[in-house]
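Top line first, the protein sequences correspond to chains G and V. All residue numbers for the first sequence refer to the working numbering, where the first residue is 1 and numbers rise by one. All residue numbers for the second sequence refer to the working numbering, where the first residue is 1 and numbers rise by one.
It cannot be assumed that every hint is accurate.
Copies of the same chain look alike in the list, so a pair counts if it works inside one copy or between any two.
[Unchecked claim] Below, computed lysine-lysine pairings styled on PhoX-like, alpha-carbon distance capped at 25 Å: (1) LYS89 with LYS71; (2) LYS217 with LYS129; (3) LYS193 with LYS275; (4) LYS287 with LYS129; (5) LYS227 with LYS208; (6) LYS116 with LYS275; (7) LYS110 with LYS275; (8) LYS115 with LYS275; (9) LYS89 with LYS110; (10) LYS193 with LYS71; (11) LYS129 with LYS115.
In case anyone wonders, no lab produced these hints; they're calculated from the structure.
Residue-level listing of the chains:
Number of protein chains: 2
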Amino acid sequence: MKTLVAGGAGFIGSHLCDALLEEGHTVVCVDDLSRGTEENIGHLKECEAFRFYRSDVREVDALKTIFEKEKPEYVFHLVANSDIQASAKSPEVEYQCTYTTTFNILQCMKEFGVKKLFFASTSAVYGDKRGIELTENTPNLSPVSYYGAAKLGSEALISAYSYMDDIQALIFRFPNVIGPRLTHGVIYDFIRKLNDNSSRLEILGDGKQTKPYIYVKDLVQAIVSMKESEQTGVRLYNLGVDSSTSVTRIADILCEEMELENVEYCYTGGEAGWKGDVPRFQYCLDKIHAAGWRAQFDSDEAVRMAVKHELGKLE
Amino acid sequence: MKTLVAGGAGFIGSHLCDALLEEGHTVVCVDDLSRGTEENIGHLKECEAFRFYRSDVREVDALKTIFEKEKPEYVFHLVANSDIQASAKSPEVEYQCTYTTTFNILQCMKEFGVKKLFFASTSAVYGDKRGIELTENTPNLSPVSYYGAAKLGSEALISAYSYMDDIQALIFRFPNVIGPRLTHGVIYDFIRKLNDNSSRLEILGDGKQTKPYIYVKDLVQAIVSMKESEQTGVRLYNLGVDSSTSVTRIADILCEEMELENVEYCYTGGEAGWKGDVPRFQYCLDKIHAAGWRAQFDSDEAVRMAVKHELGKLE
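Please take these sequences and the hints and turn them into a complete structure.
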């Protein structure tokens, strides 16, 4: 099958390219390399079933040219601003990179008759619903970040195009995703801080922010194994792991793996790491488990493996 | 209070300008007159508390200039493509006129510190949920029109800005709104068709599409009376009437008022009038009733009054 992976040189996208090629598909990778990197896809350059377009999905005409030429059968849409903390200062980033890219992709799919879509959504669409186990049927989605808002708006677009243009869509609402090729986030920040000063670690918030972390290869395996279905319309799943890890626990794992002792943790205080952060959430995963998928690694294991990768201890 | 009514020369917006002026507020009306008309606000031109900017809310820089000069305290956002049937052919219209206008307004409110917003949403955010009485807590909003998708995306943006920028927002999900200054819709279409041929009326669908119709002055009274609140964050209400009217019943009322007998109704067939139409829905109105508002006119009354207006039988 010919697939188009938008955002395919990014952290998650590049792992997805690997997995799709592994399964024997042709992969057309589209990425503007603003957050993605050539390094992430460098190992694929000699691969015949792989081609790369350096192109900005915000530019609909350029995207149409690629659709026209390549005629993909399945589009995996992973283009977004992936750094909520960064876009808190500039909502324009979410309007352009998260919402407009979805609109452009759907317009191309409509115009060129492409009928299959995967979309990377997020737990941030729910907003701050502490104390509620989040199911796909939780009502009153109230994002507290511009990122969550642009993703929820994207889901709404997909719902309408699915109905109007007979597009079959698979949507996963991702939790925190970690692993090789990570570009930002708490593990990334902590390593940088500890490299600067190994006796003291500044921790945003009270360190009790507790979230499920999924290992990127687990997540990609879920996308690949569930991409085909007889079902029409939109299939939407919370994707995650049953366990979760606090920010302080992440610091502990990191200090263990870096073999640092007596690091002083300095908390900036407050429940959330930054405004727009959701300090705690827990998914109900019954729906995706019933569909036959389950993560291989729990949250602490995912953190430890991601840490080891960052430290160069794992392939 | 100085108010800015975006879309203030439109069908609903112009009635809102009237009501706000009536209450003693200053009204800054912004409209590009693409769907709104000079006629709708012609009677306000001599009014000192009213000023009009012919400006396109899709252009954020022009909008910023108006915010900077006028310093409004309250923004009423009624800019949208209001014709679902039309945008079914061109989703770009919803991206630009419905979603981007919301983003631009929120960006201006953020930049100029405006803290109060009213937003006109729609029953179309729910999608086709036949058999379910729609409450504000109904889960799984799945729009089947590009219009509904852009409005749901706008609600999501408002949720995030409300949290991030301390904006107090009132959102009404409108049903079908009718009355003086109507520009499109079933009543408008039927009158045009019967003026062309008074013996035969083509009716889209099976005529059993049944929806609540609210009289525009009832709706505007709800906005004006509920605009102020001590509550922070987003207040969201279904707005409507307890009753509803079928398309065939609208045709009957119209024939009565036009004094036409034996008009042959020709149904195009199918449950929905067009693709993306939701043929039946019913709101639960407990929340807005509990807040102290109730419509004066029921759905059939609203239809009859709107018809009489269109026929020039009412002021």
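Structure-based check of each hint:
no.	hint	verdict
1	LYS89 with LYS71	between (38 Å within a copy, 23 Å between copies)
2	LYS217 with LYS129	neither (28 Å within a copy, 37 Å between copies)
3	LYS193 with LYS275	within (21 Å within a copy, 55 Å between copies)
4	LYS287 with LYS129	both (19 Å within a copy, 21 Å between copies)
5	LYS227 with LYS208	neither (35 Å within a copy, 39 Å between copies)
6	LYS116 with LYS275	between (36 Å within a copy, 20 Å between copies)
7	LYS110 with LYS275	between (37 Å within a copy, 15 Å between copies)
8	LYS115 with LYS275	between (38 Å within a copy, 18 Å between copies)
9	LYS89 with LYS110	between (33 Å within a copy, 11 Å between copies)
10	LYS193 with LYS71	neither (46 Å within a copy, 44 Å between copies)
11	LYS129 with LYS115	between (34 Å within a copy, 24 Å between copies)
Hints 2, 5, 10 from the list above are not met by this structure, while the remaining hints are.
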